[in-house]
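Colleague: Line order of the protein sequences matches chains C and P. Going by numbering that gives the first Met the number 0, the first sequence opens with residue 0, and the numbers climb by one from there. Going by numbering that gives the first Met the number 0, the second sequence opens with residue 0, and the numbers climb by one from there.
Worth flagging that the hints you see were computed from the coordinates, not collected in a lab. Quick caveat, the model's predicted, so the values are computed rather than measured. Heads up, some of the hints might be wrong.
For lysine-lysine, the following DSS-like pairs were computed, each having C-alpha atoms within a straight-line distance of at most 30 Å [said to hold, decoys possible]: (1) C:LYS355 to P:LYS297; (2) P:LYS362 to C:LYS306; (3) P:LYS252 to P:LYS332; (4) P:LYS183 to C:LYS332; (5) C:LYS332 to P:LYS252.
Label-pair distances were calculated between CB atoms; the ranges are [as the list claims (entries may be wrong)]: (6) P:LYS306 to C:GLY156: 49 to 59 Å; (7) C:GLU187 to P:ASP27: 38 to 48 Å; (8) P:LYS306 to C:LYS362: 17 to 27 Å; (9) P:PRO340 to C:ALA73: 25 to 35 Å; (10) C:GLU187 to P:GLN149: 54 to 64 Å; (11) C:GLY55 to P:GLY367: 48 to 58 Å; (12) C:ALA73 to P:ASP27: 39 to 49 Å.
Ideal placement from N, C-alpha and C gives every residue a C-beta, glycine not left out.
There are 2 protein chains.
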Amino acid sequence: MTEPIDDFYAVIPAGGIGSRLWPLSRADAPKFLHDLTGSGNSLLRDTWDRLESLTGPDRISVVTGRAHRAAVEAELPGIADANVFLESEPRDSAAAIGLAAAILHRRDPDVIIGSFAADHVIRGTRTFEFAVQQAVEVARAGYICTIGIQPSEPSVGFGYIQKGDELIVDGAPEAATVERFVEKPDLETAKQYYSDRSFLWNAGMFISKASVLLDELAANEPELHAGLMELAEAWDDRERRGPVVDRVWPTLKKIAIDYAVAEPAADKGRLAVIPGHFDWDDVGDFASLTKLINNGRKNDLAVLGPKARVLSDAATGILVSQTSRVISLVGVKDIVVVDTPDALLVTTTEHAQRVKGVVESLKLTGRGDVL
Amino acid sequence: MTEPIDDFYAVIPAGGIGSRLWPLSRADAPKFLHDLTGSGNSLLRDTWDRLESLTGPDRISVVTGRAHRAAVEAELPGIADANVFLESEPRDSAAAIGLAAAILHRRDPDVIIGSFAADHVIRGTRTFEFAVQQAVEVARAGYICTIGIQPSEPSVGFGYIQKGDELIVDGAPEAATVERFVEKPDLETAKQYYSDRSFLWNAGMFISKASVLLDELAANEPELHAGLMELAEAWDDRERRGPVVDRVWPTLKKIAIDYAVAEPAADKGRLAVIPGHFDWDDVGDFASLTKLINNGRKNDLAVLGPKARVLSDAATGILVSQTSRVISLVGVKDIVVVDTPDALLVTTTEHAQRVKGVVESLKLTGRGDVL
């Protein structure tokens, strides 16, 4: 058994709906509340279970919307009330992770925090733990440390982190500086990155002293930082928290932690990276979900839904069934069928990215009742 | 207005479920009860309306299963009770049409009958009427007369009738003898038939004196004929009909009218044909339904279902919606989606013929509740 790491606190931002997984994911049933792996657990619960051995149950916090409070607490019966940070509305990842950093720093100025998305899939617990353990050592040395995933294919769906020079930190044999961040590349570039082992996938994991992260925020986004400090100062006062959240939170700048913290830190040489050798996927759309469930086998039909009544004749792709209807798929290849009580999606894995556009169109055409 | 034809009686066999249109067509909602053209009427009702001007409302009979009696009478409020011939179970078309012939012949020995399927689509009322008028004249001359459809494409989905020599009959300028019947051909043969204008589609329309049809049945299928005569003799006696139907009907040979009457008659030179120049389709599967609704346009999405809430992004094919769900089709080509409350079918027009196999599989796997 791994021993919990002293003064290490996990932060799970549980915010995104996962629009490209509509109509499975939607406002009142966001992606992190779904069991997408067939494990029997939601992605959020899997995330908790993965982190618990590194932190213990009392040092995992979740930042989520007020609307999801009950669902999150139902998924995580072990979570302490003080570890649930509720947003009154979504303000992107810098505000969410920054809020947790500010509150936890106020409670313990020496705390080291690590942020881990609530809706990613990871396989390989021991290698994951080893990467986090190294990252914590790097954070202890004053860096902001990310964990970059060693690519298993030339993906155009993820951003990349270019690894720089080796970094000498005790207990972190794989630590390196970060040369630069790269946005999602085209296929040609992705192939180059894949053969050049120094490019890693950006999985949005950041581990640092809370103080270091807040300093970086203060330098790059002073107003956002000031707002977060005001929130943190009032947070643990039951009577003051509500009014301050209502007043300050909606004014905070919407910006991703990558832009507000990670990239500026990289430019200053303050960002480090540990390569992660575990399987990781952000399950961004139905194409990646299909691949995940089929373990890469192209000629299978992935079926998600314990009550599915399926009759498949030479069909491949994915079927998500949330009803008790009989579903027959005949001769359709790389198909995506998502069957829910009030909405049905039929597309192909090739067009999986376009599902986000469907959600936009439904909003615009007054059919938001199914979003 | 066309005047009704003296002593001409229409017979509408309304029996087939239309398995290749599952889950739209099913045991309790067979194909003939559906509006497949968007006309607002069922195919059965359209058939009635087409025939009424040729026969008047009192000389159209329907042969159907006991289970469909209420639905048929609801669709055809003008039908006389004496014109509804109920089968206790399906015994194929020779028994169905033969029963009508035997009953009507008993009521009026000189009657001329014409059988017209309840679930075909015809466009071009005037040319249809002209073909039937000619066929009745040919029947009056003692022939069994079919109406063969002038092909509009080299179809492999229909049987063919080869036209022979011209037949001199007053009032039937297009009459010809029938050279032979041909089963569904392969594409190469269908192309030859298409360029050779003497091959017509077999649309299952047969017009003859009831006595001539019964004589042909007696010669080819004497036991079937005897059973039908026994039924007809008892039919109009309210007390005797039920017991005789229960005893005799289930023993009747299951055989198509083509084999029991038309082909043997052709061999004896007793079958004639009138070419039909109207648009005709048996709407046998979702591929032909798609073509029908799209009027042949390949790049459209045909939508059937007045309450459909559809969001289509570059989809082509057909969507049948019987629910109020939002249905989004993204980038799928030649797709077939049939959305009903208890069953969903997703296939492509290319595989539309395989739907019949789905129905068989559902029966075999104990999921007959959705058939």
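Colleague: State for each hint whether it applies.
Modeller: Tested hints:
1. A C-alpha spacing of about 27 Å is found between C:LYS355 and P:LYS297, which places the hinted pair at or below 30 Å, so the restraint holds.
2. The suggested pairing of P:LYS362 with C:LYS306 holds, with an alpha-carbon distance near 19 Å, which does not exceed 30 Å.
3. Between P:LYS252 and P:LYS332 the alpha-carbon distance is near 44 Å, which puts this suggested pair outside the 30 Å criterion.
4. With a C-alpha separation of about 29 Å, the suggested pairing of P:LYS183 with C:LYS332 holds against the 30 Å cut-off.
5. For the hint pairing C:LYS332 with P:LYS252, the CA-to-CA distance comes to about 43 Å; that exceeds 30 Å, so the pair is violated.
6. Look at P:LYS306 against C:GLY156: about 37 Å separates their beta carbons, and that is not inside 49 to 59 Å.
7. The given range of 38 to 48 Å is broken by C:GLU187 and P:ASP27, whose C-beta atoms sit roughly 57 Å from each other.
8. A hinted range of 17 to 27 Å for the beta carbons of P:LYS306 and C:LYS362 is consistent with their spacing of about 21 Å.
9. Taken as a hint, the range 25 to 35 Å holds for the pair P:PRO340 and C:ALA73, whose Cβ atoms sit roughly 31 Å apart.
10. Take C:GLU187 and P:GLN149: their Cβ atoms lie about 56 Å apart, and the range 54 to 64 Å holds.
11. One distance hint, 48 to 58 Å for the beta-carbon pair C:GLY55 and P:GLY367, holds here, with the actual separation near 55 Å.
12. The beta-carbon spacing between C:ALA73 and P:ASP27, approximately 42 Å, falls within the hinted interval of 39 to 49 Å.
Of the numbered hints stated above, those contradicted by the structure are hints 3, 5, 6, 7, listed in ascending order.
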